[in-house]
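Trainee: Here the protein sequences line up with chains V and H, keeping their order.
FYI, in numbering that gives the first Met the number 0 the residues of the first sequence are 0 to 396.
FYI, in numbering that gives the first Met the number 0 the residues of the second sequence are 0 to 159.
Read the hints as simulated data drawn from the structure, not as lab findings.
Hints are supplied without guarantee of correctness; some may be wrong.
Some, not all, of what chain V presents toward chain H, calculated at C-beta under 7 Å [as the list claims (entries may be wrong)]:
#	residue
1	17
2	35
3	37
4	38
5	39
6	43
7	47
8	127
9	272
10	273
11	302
12	346
13	348
14	371
Note that this is a predicted model, so its numbers are computed, not measured.
Beta carbons: idealized from backbone N, C-alpha and C, even for Gly.
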Amino acid sequence: MSLDHESFVASHVKDLPRSGIRDFFAVVSEMPQAISLGIGEPDFATPWHVREAAIFALEKGCTSYTDNRGLLRLRRAISKYVAGFFGPEYDPASEILATVGVSEAIDVALRAILNPGDKVLYHEPCYVSYAPSVTLALGVAIPVGTKPEDEFALDPAAFEAAWEPGCKALLLNFPTNPTGGTADREKLQRLARFAIDKNLLVISDEIYGELTYEGEHVGIASLPGMKERTLLLHGFSKAFAMTGFRIGYACGPAVLIEAMMKIHQYCMMCAPILSQEAAVEALVNGAEEVARMKEQYHRRRDFIVRRFNEIGLSCHSPRGSFYAFPSILSTGLSDTDFAHRLLRESEVAVVPGTAFGEHGSDHVRASFSTSYENLVEATDRIARFRDDILTEDSAAV
Amino acid sequence: MSDVLTLLLEGAKPCADHLANVLGKEKAEVEAELRRLEEDKSLLGWLPVFNPEKIEDGRVRAVIEVKISPEREGGFDRLAMRIARFEEVESCYLMSGGFDLLIFVTGKNLRKVAAFVSERLATIEGVLSTSTHFLLRPYKEQRHLLPDETEAVDKLAVSP
Chain V
0 MSLDHESFVA SHVKDLPRSG IRDFFAVVSE MPQAISLGIG EPDFATPWHV
50 REAAIFALEK GCTSYTDNRG LLRLRRAISK YVAGFFGPEY DPASEILATV
100 GVSEAIDVAL RAILNPGDKV LYHEPCYVSY APSVTLALGV AIPVGTKPED
150 EFALDPAAFE AAWEPGCKAL LLNFPTNPTG GTADREKLQR LARFAIDKNL
200 LVISDEIYGE LTYEGEHVGI ASLPGMKERT LLLHGFSKAF AMTGFRIGYA
250 CGPAVLIEAM MKIHQYCMMC APILSQEAAV EALVNGAEEV ARMKEQYHRR
300 RDFIVRRFNE IGLSCHSPRG SFYAFPSILS TGLSDTDFAH RLLRESEVAV
350 VPGTAFGEHG SDHVRASFST SYENLVEATD RIARFRDDIL TEDSAAV
Chain H
0 MSDVLTLLLE GAKPCADHLA NVLGKEKAEV EAELRRLEED KSLLGWLPVF
50 NPEKIEDGRV RAVIEVKISP EREGGFDRLA MRIARFEEVE SCYLMSGGFD
100 LLIFVTGKNL RKVAAFVSER LATIEGVLST STHFLLRPYK EQRHLLPDET
150 EAVDKLAVSP
């Protein structure tokens, strides 16, 4: 008799849906010749001086574990950088934890604070791991929709309306993957008042903070009374183009960082030392390269947004991140059908909006983290694809 | 710096249609900007960047350090310009340090470059010495790494 392996899978894991992106990836990987606007990482290689620092560290024999919290040199550099960019100052000894990317920081933050059944409010559409991470931490994830007419910006009133007894935390990501939505100071202030009023902890993933093209990036921890109730999560993957290094960090109150560290030390021990060494170099000498990449993203954003609107796919100008999130309503297709047909018929990959939650319906995510040549060709193909769809429709009538 | 020039420096193709499309400008506007850049000599010309190892025409490239005597009026300028005008000279720079001019030279073969150095360059009055270094193998050409490593990176086609 064969073993029933399914019976060994925990029920809350069994019930967890597979990521829509994973399913779409399987289709795209069969078409290597397609132009992909589905990539959620920088197209730039990590700046050479950062890679070279990692090589040098390897040559020196830096191959050991580090302090669970990360190298003190790194935590000091993080403290200085965060104070300069985000505002609040954190004690490198007790208020900073180096993690394996922001993904691990989200996981350990949620596991550190949630008791079974505790509720977490998060905005949607959003990065694919937020709701599953809450579920895996035995919490209950409550989505709060952001709206196309607001350019998917933070909507504090929607958070207030969604609150219910048992809510313990807010999970934020501004600028947002996949919409590029941002949170201005005024809205964050209102959300901060709400968090204080309801005694909520804020987990704020600000990984795209540096890639803010209009206005300033405001970190919620910098607002009065918020540092003490915020876990600021950040990392090197996006602005520093270091996705493969898997290095991020959490800053917050010492007691919470200590709780996160306990989980981190048992499941991860520490972030890889080579990545930590590279991260120090990125923080100390990386500003110029970050600015150079940001400038290119900015121009590509202007191009792709203009093209989508010319094509007839209404698209707001994302104030941050490197994703455009056009509406495909005018084609009459669902976002999933649009993405699959565009891939098969025109060999361009975009990600259906519903891969980022139901509130992402009728939209697709198109990354502009690719060359101008690809963007020009991909948008030309999308224009022809849309024309073909409309021609089909009129012929059917 | 104009946005047209910025884009060109990032490696965009010098095609007015493409530049206009990317920048969201009229083609005529980009053409006018390119004309302006050429007229005020900000933009001196266009050269493709080749992989020398793929162009098997036997050409030889050399870098030559040249010591020259400065002159009472004009310093190094007259001699530098006299040297720079030779067809064989691709680039010519006044340098700080142990020599005065650094020149980049190409020739159809090694003999042609040797002849240029010994018969034309070294014999100019005011040229005190030359030191010629032949280029053996390129590793980076105008910001392009050789061999191109980008193909080696296996990135996911779609990622969250």
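Trainee: Now look at each hint and say whether the structure bears it out.
Mentor: A quick look at each hint next to the structure:
1. 17: Violated, because the Cβ-Cβ distance from residue 17 of chain V to chain H comes to roughly 12 Å (cut-off 7 Å).
2. 35: holds, 5 Å
3. 37: Given a least distance of 4 Å, the restraint on residue 37 of chain V holds.
4. 38: holds, 6 Å
5. 39: holds, 4 Å
6. 43: violated, 11 Å
7. 47: violated, 10 Å
8. 127: holds, 5 Å
9. 272: violated, 23 Å
10. 273: Given a least distance of 18 Å, the restraint on residue 273 of chain V is violated.
11. 302: Since chain H brings a Cβ to about 5 Å from residue 302 of chain V, closer than 7 Å, the hint holds.
12. 346: violated, 11 Å
13. 348: holds, 6 Å
14. 371: For residue 371 of chain V, the interface hint holds, since the closest Cβ of chain H sits about 5 Å away, which is under 7 Å.
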